[in-house]
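Starting from the known structure of chain A, fit chains B, C and D onto it as the hints suggest.
Order-wise, the sequence lines are chains A, B, C and D.
Convert by adding 45 to the 1-based position in the first sequence; the result is the number in our numbering.
Convert by adding 45 to the 1-based position in the second sequence; the result is the number in our numbering.
Convert by adding 45 to the 1-based position in the third sequence; the result is the number in our numbering.
Convert by adding 45 to the 1-based position in the fourth sequence; the result is the number in our numbering.
Source of the hints: derived by calculation from the structure; they are not laboratory data.
Source: prediction; values computed, not measured.
Incorrect hints may appear among the rest.
Copies of the same chain look alike in the list, so a pair counts if it works inside one copy or between any two.
Claimed, not checked - Once the Cα atoms are required to be at most 30 angstroms apart in a straight line, the calculated DSS-like pairs of lysine-lysine come out as:
no. : residue 1 : residue 2
1   : K342      : K66
2   : K204      : K269
3   : K255      : K210
4   : K255      : K161
5   : K204      : K255
6   : K73       : K342
7   : K73       : K327
8   : K66       : K161
9   : K161      : K250
10  : K210      : K269
What follows is the residue order along each chain.
Number of protein chains: 4
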Amino acid sequence: MCRWFAYIGEEPILLEDILIKPKHSIIKQIDVHFLPYLHVIYDPHLYRKKFSSGVASDEHGPNHFTNVDGFGLGYYTGVAAEFNNDNINRPCVYKNVRPPLNDLNLISLCAHTSSKCVFAHIRAATRLSPIVETNNHPFVFGRYLFMHNGSVANFLNIKIALVQKLSENAYRNIFGTTDTEHVAALFFTHLGNDWDTELPMENLKNAMIKTLQDILTLIQESAKDMDETLPQSNLNFAVTDSCQLLATRFSSMDEFEPPSLYYSTTAGPTFNRKFPDHPDGKEVGKEATQATHNHGKHVIVASEPSTYKTKDWYLIPSNSFILIGKDLNVVIEKIDL
Amino acid sequence: MCRWFAYIGEEPILLEDILIKPKHSIIKQIDVHFLPYLHVIYDPHLYRKKFSSGVASDEHGPNHFTNVDGFGLGYYTGVAAEFNNDNINRPCVYKNVRPPLNDLNLISLCAHTSSKCVFAHIRAATRLSPIVETNNHPFVFGRYLFMHNGSVANFLNIKIALVQKLSENAYRNIFGTTDTEHVAALFFTHLGNDWDTELPMENLKNAMIKTLQDILTLIQESAKDMDETLPQSNLNFAVTDSCQLLATRFSSMDEFEPPSLYYSTTAGPTFNRKFPDHPDGKEVGKEATQATHNHGKHVIVASEPSTYKTKDWYLIPSNSFILIGKDLNVVIEKIDL
Amino acid sequence: MCRWFAYIGEEPILLEDILIKPKHSIIKQIDVHFLPYLHVIYDPHLYRKKFSSGVASDEHGPNHFTNVDGFGLGYYTGVAAEFNNDNINRPCVYKNVRPPLNDLNLISLCAHTSSKCVFAHIRAATRLSPIVETNNHPFVFGRYLFMHNGSVANFLNIKIALVQKLSENAYRNIFGTTDTEHVAALFFTHLGNDWDTELPMENLKNAMIKTLQDILTLIQESAKDMDETLPQSNLNFAVTDSCQLLATRFSSMDEFEPPSLYYSTTAGPTFNRKFPDHPDGKEVGKEATQATHNHGKHVIVASEPSTYKTKDWYLIPSNSFILIGKDLNVVIEKIDL
Amino acid sequence: MCRWFAYIGEEPILLEDILIKPKHSIIKQIDVHFLPYLHVIYDPHLYRKKFSSGVASDEHGPNHFTNVDGFGLGYYTGVAAEFNNDNINRPCVYKNVRPPLNDLNLISLCAHTSSKCVFAHIRAATRLSPIVETNNHPFVFGRYLFMHNGSVANFLNIKIALVQKLSENAYRNIFGTTDTEHVAALFFTHLGNDWDTELPMENLKNAMIKTLQDILTLIQESAKDMDETLPQSNLNFAVTDSCQLLATRFSSMDEFEPPSLYYSTTAGPTFNRKFPDHPDGKEVGKEATQATHNHGKHVIVASEPSTYKTKDWYLIPSNSFILIGKDLNVVIEKIDL
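Just chain A, same shape as in the assembly (with noise of 0.2 angstroms):
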């Protein structure tokens, strides 16, 4: 398993107070972690779900796999577009196959830039899939990002069927061999050819649902040619284009639970150096400038919550969407496929 953390707001944050500094940053998830007490209290126990390998549950542990197969990273600075004097605001990308608490780039970069939509990922890597820097998270479509937590089952099996169904422009975006990646190109496919001027949120959903619905068949479909049983896939992906966001919880069958998906729209001034209050607990001292009250309004959308405050975390439920638009409103939806 994965893990991915996406800040998106009008209020702009200093990368190190959402990656670096928090004790239970996605930086330092790589193994055991902070509790994802919320995911119990969701009770998978109850719903008698089970988990596939590697999915967080407090029984299990969280994790059963170690997060140390590169680290990505994406941000809007805006800085393009204003020197390119149009309204095509790309993202900068950071990639690496070290460690990230060792990667002093990272740690400087951090430190020195502030930005209004980030993604960051961190990779546990399937065999399938070299540990090389353009198979890490996330991918750049033009304006857009993108990236994943799970994994398409049997994706080398569907590779080449779904490979056809892609755009030129989307093929030719490809640079790596990861399955994400490969869902990327079929989401933009399915988005149209221009990937730089902004979409109504509409659009975004529709690609995903056209995206999730080809996946799920091409994987039946090749089940169905070697006789072999179906196989389950986690699909918790997330897109962005700097001024919106698209993420997904879900998992190809329904007796399995996703991986964990969080959302919060409370949780910044908590990051923030600028507000009162320390991710890591009341009692860490920090001078704030500002009142929350002050605070933009914002959404954070990641695989496990990274502040002490439990309550300004909320599970997203399995199979469903989460809708982020330009006005930062959140709307829940079921996926419907």
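Chains B, C and D in isolation, oriented as in the chain A frame:
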């Protein structure tokens, strides 16, 4: 011979415009380069100066080392100072031992980052210091960046004596093994213990003079102890605190020409995509959105010119300071030890 | 243009002696090189052939790309076969994207390892395949190594059609995104499903002929579909199973000269420190412990000669096979498609 | 706490069999590990010794650092000595800052290389020394390898005084910035100036005693100068010249237990695929081709046992030498300073 490039100005510059785009930008200066033709005009032959090994000249080719031994970049964003609500404007630093042209992180970072003060350096290592990131320039001391083209002769012979001259703070700020980082620590020892508040240029100049004197004395004593002839050192240093910049073009022996070092107070618009003209020549189309005269005051100091307009570049005389104050005025002064 | 070097013989060679020590060894072939003077004698002018971009020639300089895009090394030790008590002699492979001259691991490995069969490759990437280790040559398929100098024209246009020709095993053995690794998978599809037992040279030759035919057909069909003029491909391949070696010097269009490719059956002792003479010239002192005539039979095939003795090197004619059997005899054959 | 593993024997071992294959091999010891159950039997509680931070114990979990800060491997092939026709058997060294489990070069190297003497080390860096290859253990001095688990207390305070004790040769053989490499240089200063010919074990022991005395004295003097209480150092060192091996399990303060260190003279066949049994347990099938009693004499010294057979492993008492001579006999001696 290494090479370095420094920009300071009131006009923010897109890193891509100075470091990546020009045909002769520093990351492309790995072997044969833009002809340092002004260097010839200055005419070492006339002054009968010799070139030490590796120094640029039109006679032997501008550079007989290959600069593939590590790239480093330092730039100021002001973001940390804003979030910390102090005035401590420390630099962001990025270093890598991969060839910079292949470094997708660097290329993305430069495409999405602008700054008013940038240091960049490409290394041709002597065999004494290994090729690891901690040996890449520029080096950070508090709010300062420090870099070097050249080498301190017989550095290992004087290292212990040099280290004993260092303040506790400067000593503990050394993370690699290069001559340059040790010289920097000596400079910051002479500068005093506060590396976070702005100091008058006079302090920087005095610290540099003491540093040069110390190095020359240490080398002389070592040569005497070992009964060797005095070796030659090339000491083209640059130091900045984000709002002023001091650099040296210095050879320890008068009969040798130091490596080339140029400055320009007018090349900025040619680099900057917002303004007319292009570093590779007028014929390269560029859609300017602003008039040249609107470009802010700025100074570039660099081992080699990297725009086609030779009249924009001045060779700094041997054994001189270039001092760029907060007003961005340029003063050239003979170094008088 | 990339470059490659292959050694096969009954005399083990210290890797340092072929890859590191010579002034013109492959790891030093990053830009201007040892004059491929035999190439001129062969005289493209006489035959009025053209050079495609990047091909060695004395007229335009031997190489106008800079080979800093990744080094790869494959060699056979026989150790695994001994410990596993089978006869499956698979290769050890080392790949890195750092400049090889700076790579202390590579330098140490070469100083302490000998082998009877070695493949080495230095890459000048086209912009289509990213610079990651999985894209470095040579590629491993069972007991085989495969490498390439040149490029498959319009590879992205034919990739899907090519992939559909692959056997399941060959397809699953692809870990990167280069044209070469896909061509290799096609070759090993034609070779059959057993890549661990030794096969007759005839099988290798037939598989290579089918591979070349397939590639040319795919390119023709793609050009026709897209209504484009037929592009030129350079296909200098090498493949070995540790005891025999097949290589091609091939241009897809007769009017173009393929990249240079030489062989030698006598240069071994000059490389080997146990024997008299030195790759950089007679004047370089070397204490031989054995007489030249005691050196075992061997063949070297390489993009460029890397000893000073031009009479030891033969340019392989355009569009030819070089076939080196278990008896280490050399056969040059016209490639007849 | 780091961890290290050493093998010396007359039976060559495939690197994969000791470093990669076992479930608890050193490259998998990044966090929670094989229970060091003998450690408990030795019973720190009985002796009422304390554990310093990071030391293995069953009470607090075996290791609360994560060992992802660089892997190093040294082994002897004898190849260079054969080609150079001297008897100078220097080691081959491989170091990387990537997680070793992701390192395809390391995995291939281990699959195809055997040796009679191997040192391997995995690092959990203190924040004082950066994570760069030159700081990875083991360190090479002539024909010797040197590695360390633990740390020298207040190293930066004693570094200059330590450096002044070094011979010119030892000083010039330092390429990184760790405490360990400096201690090694002190050891090789005491050993004398010839690091290429074999020396009696007595010389190694005396050099180590002087080194430990020097370190303790330097730390005492520094603590006194600074009016600080004496800090504790863990000094589990290992050194070899390929044919003999000396290691220490040492804590500078008697009331603290040093990190665990085990040895085995019988575990070799269990690791080695040629012989019956498997490091992960009898139930793991393995086709032996040789009988256990045919395995050559050997000794393993390691921070943690990595086979399931606890009776094969002995905990070395605190503050002791383990001395393994050319006859491969083991002598345990109290360290008497």
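Hint by hint, here is what the structure shows:
no. : hint         : result
1   : K342 to K66  : within (21 angstroms within a copy, 38 angstroms between copies)
2   : K204 to K269 : both (16 angstroms within a copy, 26 angstroms between copies)
3   : K255 to K210 : both (12 angstroms within a copy, 28 angstroms between copies)
4   : K255 to K161 : within (29 angstroms within a copy, 46 angstroms between copies)
5   : K204 to K255 : both (17 angstroms within a copy, 25 angstroms between copies)
6   : K73 to K342  : within (26 angstroms within a copy, 44 angstroms between copies)
7   : K73 to K327  : within (20 angstroms within a copy, 37 angstroms between copies)
8   : K66 to K161  : both (18 angstroms within a copy, 27 angstroms between copies)
9   : K161 to K250 : within (22 angstroms within a copy, 41 angstroms between copies)
10  : K210 to K269 : both (20 angstroms within a copy, 22 angstroms between copies)
When the structure is compared with the earlier hints, no violation turns up for any of them.
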